[in-house]
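Colleague: These are the residues of each chain, in order.
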Amino acid sequence: MRILLVEDEKNMASFIKRGLEEERYVVDVASNGEKALFLAETNPYDLIILDVMLPDTTGLVICKDLRAKKIDTFILMLTARDDVKDKVLGLETGADDYLAKPFDFDELLARIAALLRRKRLDKSPILKVADLELNQLTHKIIRAKKEIVLTGKEYSLLEYLMLHANQVVTRTEISEHVWNEDFDSLTNVIDVFINRLRNKIDQGFKKKLIHSLRGTGYILKE
Amino acid sequence: MTGFWVMVFLCAFTVLFAFITTRNMQRVFLSTMRDNVAALKAAEELELALLSQKGFLSNYFLDGNPTWIKKLEEKKTIFLDWLNKASDAALTPPEKDIIEDIKRLYKIYETERYKAKHLYDSGNVRGAKNVLLKDMWEAFEALYQKCEDFIRINESIIDKSEVSLQRKIIGMMVLITVPALVIIALVGSMFFLLTRRILASVKDITITTRNINLKSLSGRVSTANLETEMEYLAKSINMMLERLERSFEYIKEFSSSIGHELKSPLAIIKGESEVALRKERQVEDYRKALSVNIEEANRMIRIVEDLVFLAKLDYNPDNIKKEVFDFIPFFADIQKRAQTLVAQKQIELTATIPEVAVTLEGNKLHLSRLFFNLIQNAVKFTSSGGRINLSVHPENGVLKVSISDTGLGISEEDLPRIFQRFFQKGKSESESSDSIGLGLSIAKSIAKFHSGDIEVKSKPGEGSTFSVILPIFHP
Numbered sequence: 001m002r003i004l005l006v007e008d009e010k011n012m013a014s015f016i017k018r019g020l021e022e023e024r025y026v027v028d029v030a031s032n033g034e035k036a037l038f039l040a041e042t043n044p045y046d047l048i049i050l051d052v053m054l055p056d057t058t059g060l061v062i063c064k065d066l067r068a069k070k071i072d073t074f075i076l077m078l079t080a081r082d083d084v085k086d087k088v089l090g091l092e093t094g095a096d097d098y099l100a101k102p103f104d105f106d107e108l109l110a111r112i113a114a115l116l117r118r119k120r121l122d123k124s125p126i127l128k129v130a131d132l133e134l135n136q137l138t139h140k141i142i143r144a145k146k147e148i149v150l151t152g153k154e155y156s157l158l159e160y161l162m163l164h165a166n167q168v169v170t171r172t173e174i175s176e177h178v179w180n181e182d183f184d185s186l187t188n189v190i191d192v193f194i195n196r197l198r199n200k201i202d203q204g205f206k207k208k209l210i211h212s213l214r215g216t217g218y219i220l221k222e
Numbered sequence: 001m002t003g004f005w006v007m008v009f010l011c012a013f014t015v016l017f018a019f020i021t022t023r024n025m026q027r028v029f030l031s032t033m034r035d036n037v038a039a040l041k042a043a044e045e046l047e048l049a050l051l052s053q054k055g056f057l058s059n060y061f062l063d064g065n066p067t068w069i070k071k072l073e074e075k076k077t078i079f080l081d082w083l084n085k086a087s088d089a090a091l092t093p094p095e096k097d098i099i100e101d102i103k104r105l106y107k108i109y110e111t112e113r114y115k116a117k118h119l120y121d122s123g124n125v126r127g128a129k130n131v132l133l134k135d136m137w138e139a140f141e142a143l144y145q146k147c148e149d150f151i152r153i154n155e156s157i158i159d160k161s162e163v164s165l166q167r168k169i170i171g172m173m174v175l176i177t178v179p180a181l182v183i184i185a186l187v188g189s190m191f192f193l194l195t196r197r198i199l200a201s202v203k204d205i206t207i208t209t210r211n212i213n214l215k216s217l218s219g220r221v222s223t224a225n226l227e228t229e230m231e232y233l234a235k236s237i238n239m240m241l242e243r244l245e246r247s248f249e250y251i252k253e254f255s256s257s258i259g260h261e262l263k264s265p266l267a268i269i270k271g272e273s274e275v276a277l278r279k280e281r282q283v284e285d286y287r288k289a290l291s292v293n294i295e296e297a298n299r300m301i302r303i304v305e306d307l308v309f310l311a312k313l314d315y316n317p318d319n320i321k322k323e324v325f326d327f328i329p330f331f332a333d334i335q336k337r338a339q340t341l342v343a344q345k346q347i348e349l350t351a352t353i354p355e356v357a358v359t360l361e362g363n364k365l366h367l368s369r370l371f372f373n374l375i376q377n378a379v380k381f382t383s384s385g386g387r388i389n390l391s392v393h394p395e396n397g398v399l400k401v402s403i404s405d406t407g408l409g410i411s412e413e414d415l416p417r418i419f420q421r422f423f424q425k426g427k428s429e430s431e432s433s434d435s436i437g438l439g440l441s442i443a444k445s446i447a448k449f450h451s452g453d454i455e456v457k458s459k460p461g462e463g464s465t466f467s468v469i470l471p472i473f474h475p
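Protein sequence lines, in the order shown, are assigned to chains A and B. Just so we're aligned, residue 1 is where the first sequence starts under this note's numbering, counting upward by one. Just so we're aligned, residue 1 is where the second sequence starts under this note's numbering, counting upward by one.
Isolated chain A (complex conformation) (with noise of 0.2 Å):
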């Protein structure tokens, strides 16, 4: 699940980013308005976390212009300010949620995996293909009810297969939701992960669930 966070205070995006990071989030930071707007429309993010209050504009405009492009991604409004007229005015520009600062990290988390979770028609944390179990808010993965333990792209990695699980996924596709702006597309990584996460939920096992399609990308399937 990949998040861009618009938050021009230093401090406050950066444990904002560190902790949705611990989470098995990918996150993309912009400090400004402008930058927003770039990686919004460059980027198919999963959701948006938008600080009201930007040097170079407000989070409402931002709102505004991403809908009026056509992006619906989910947005996050967080702002300082509390009021009920606030808040109403955020949500009528197009932001699906809204808190205010300061908040509790816990809340936060919460508030992301809801309005994630509203895209899919189970809304259960707990993502099964087989006998694979996911649950998105332990992050513990369980196959044949032995437990098994994912680092932080490995599980991202599961949870966007799973996600998606009985469809094709395509390299750029993975690489858009599970890798952020850093990911150099040139290398072989996609590739070094999937063939990590094979030797974690499939060895052992005689039903395969991870698929290779030869020049097209990968698929996870009972």
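Calculated directly from the structure, the hints in this document are not laboratory data. In this text, all values refer to a predicted model and were calculated from it rather than measured experimentally. Take these hints with a grain of salt, some might be off.
Stated by the list, open to error - Computed cross-link-like contacts, EDC-like style, restricted to lysine to aspartate or glutamate with a CA-CA straight-line distance of at most 16 Å:
no.: 1; chain 1: B; residue 1: LYS252; chain 2: A; residue 2: ASP83
no.: 2; chain 1: A; residue 1: LYS17; chain 2: A; residue 2: ASP106
no.: 3; chain 1: B; residue 1: LYS279; chain 2: A; residue 2: GLU21
no.: 4; chain 1: A; residue 1: LYS17; chain 2: B; residue 2: GLU274
no.: 5; chain 1: B; residue 1: LYS252; chain 2: A; residue 2: GLU21
no.: 6; chain 1: B; residue 1: LYS459; chain 2: B; residue 2: GLU413
no.: 7; chain 1: B; residue 1: LYS85; chain 2: B; residue 2: GLU47
no.: 8; chain 1: B; residue 1: LYS270; chain 2: A; residue 2: ASP106
no.: 9; chain 1: A; residue 1: LYS17; chain 2: B; residue 2: ASP285
no.: 10; chain 1: B; residue 1: LYS448; chain 2: B; residue 2: GLU361
no.: 11; chain 1: B; residue 1: LYS270; chain 2: B; residue 2: GLU295
no.: 12; chain 1: A; residue 1: LYS221; chain 2: A; residue 2: ASP202
no.: 13; chain 1: A; residue 1: LYS207; chain 2: A; residue 2: ASP131
no.: 14; chain 1: A; residue 1: LYS10; chain 2: B; residue 2: GLU295
no.: 15; chain 1: A; residue 1: LYS17; chain 2: A; residue 2: ASP82
no.: 16; chain 1: A; residue 1: LYS146; chain 2: A; residue 2: ASP131
no.: 17; chain 1: B; residue 1: LYS76; chain 2: B; residue 2: GLU112
no.: 18; chain 1: A; residue 1: LYS153; chain 2: A; residue 2: ASP191
no.: 19; chain 1: B; residue 1: LYS134; chain 2: B; residue 2: GLU112
no.: 20; chain 1: B; residue 1: LYS263; chain 2: A; residue 2: ASP104
no.: 21; chain 1: B; residue 1: LYS364; chain 2: B; residue 2: GLU413
no.: 22; chain 1: B; residue 1: LYS270; chain 2: A; residue 2: GLU107
no.: 23; chain 1: B; residue 1: LYS459; chain 2: B; residue 2: GLU412
no.: 24; chain 1: B; residue 1: LYS321; chain 2: B; residue 2: GLU295
no.: 25; chain 1: B; residue 1: LYS263; chain 2: A; residue 2: ASP82
no.: 26; chain 1: A; residue 1: LYS153; chain 2: A; residue 2: ASP131
no.: 27; chain 1: B; residue 1: LYS115; chain 2: B; residue 2: ASP101
no.: 28; chain 1: B; residue 1: LYS279; chain 2: A; residue 2: ASP106
no.: 29; chain 1: B; residue 1: LYS54; chain 2: B; residue 2: GLU74
no.: 30; chain 1: B; residue 1: LYS270; chain 2: A; residue 2: ASP104
no.: 31; chain 1: B; residue 1: LYS263; chain 2: A; residue 2: ASP83
no.: 32; chain 1: B; residue 1: LYS279; chain 2: A; residue 2: GLU22
no.: 33; chain 1: B; residue 1: LYS76; chain 2: B; residue 2: GLU45
no.: 34; chain 1: A; residue 1: LYS35; chain 2: A; residue 2: ASP56
no.: 35; chain 1: A; residue 1: LYS153; chain 2: A; residue 2: GLU22
Stated by the list, open to error - Now the in silico label distances, taken between C-beta atoms and shown as ranges:
no.: 36; chain 1: B; residue 1: GLN420; chain 2: A; residue 2: ARG118; range: 52 to 58 Å
no.: 37; chain 1: A; residue 1: LEU137; chain 2: B; residue 2: PHE309; range: 44 to 50 Å
no.: 38; chain 1: B; residue 1: PHE419; chain 2: A; residue 2: ASN43; range: 37 to 43 Å
Beta carbons are placed, not taken as given, at the ideal position from N, Cα and C, and that holds for glycine.
Given the coordinates of chain A, assemble chain B onto it according to the supplied hints.
Modeller: Positioned in the frame of chain A, the structure of chain B alone reads:
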């Protein structure tokens, strides 16, 4: 309620007054009536005296005893005496006429009586008796009749005056009471209407003022259709509300911006700590989290300190000490220290300072803060390779210190807002938590404290010039 009792008292007083007045009138009236009564009495006495005279004379004729004549003479005097009294008491023309008649008839009667006595004394008893029984009797009858008339007249006068007195008393009472009551009613209703009107406006003022609280200070007392005094009151209440609203508006805006400014560092301290505590970490990670927290705490301290300083400048300026000092060496020192500020950014700092003596009265510490804030501001918005010029112009009793830069400049839209508290523009990421948007506001407050001001001229893309105007000190 008090008004009602005042009215009741006034009514009672009027009735009492009318009563006392008519009582006095009655007394005066009765004393004048006493004359009539006296006349009546006199007439009755006259009749009696007449009868006695007649009787005594008859007796004298019977036995010739001279005592009867003596008694007769006495009665005569009594009669004349009463006649005088009756004459005095006769006030109306008919009464006077009767008295005249009585006097005339009495003379006739007297003449006849003398005649009779004379005849009797000369031995003509028969002639005397004839006179007595005929002529004198006629005179007596006429006289008696007149006395009766006089009595009747007086009796009717007394009757009439009693009736008229009663009528007059009632009339008088009506005459006094009715206008008095009308006046009281008029005054009372005017008083009532006036108080009702005043009370209505007081009620209006009360309702308006009662509805005024921190959330709605915008209410105003209506000044339409008010008495002059009430209008003054309403207007001064409105003026007070106006001042209150302005101060509250200021406080509201100020505290909301304080809240907003403090929320960011608080959110960072809270978030940084929460993220740090989410799992076991390396010591280095905790150290980083703590130093971020200290950074943010320092920022809060600076905000609070600056706000306290501003509050002191705005509300308690008397406690700030002023001294008289030579401005040129003071500014040369500022220029020297400013060099270190520009050095980090490779900005050229030039200065044009005249070699004259300029004396100011002020607080050197605060004034240097003013100039540093402006220089810092210039440095912030001027990119590397740019230039900042400081110039000092004393003229016409005023010192003008200008700080010009070749920086970003200020848009026309932002120009009126740059001195507002917490106004921030174009902060870069590196200094985002460093600047708190109070620098220019503080500079302006310091200038105002020194009876001066700050003027700005700016063209976006070309740079800005901030000019500090301060009065030169003349001993």
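Colleague: Taking each numbered hint in turn, which are not upheld by the structure, reported in ascending numerical order?
Modeller: Going through the list in order, the structure violates hints 5, 15, 21, 24, 26, 27, 36 and respects the others.
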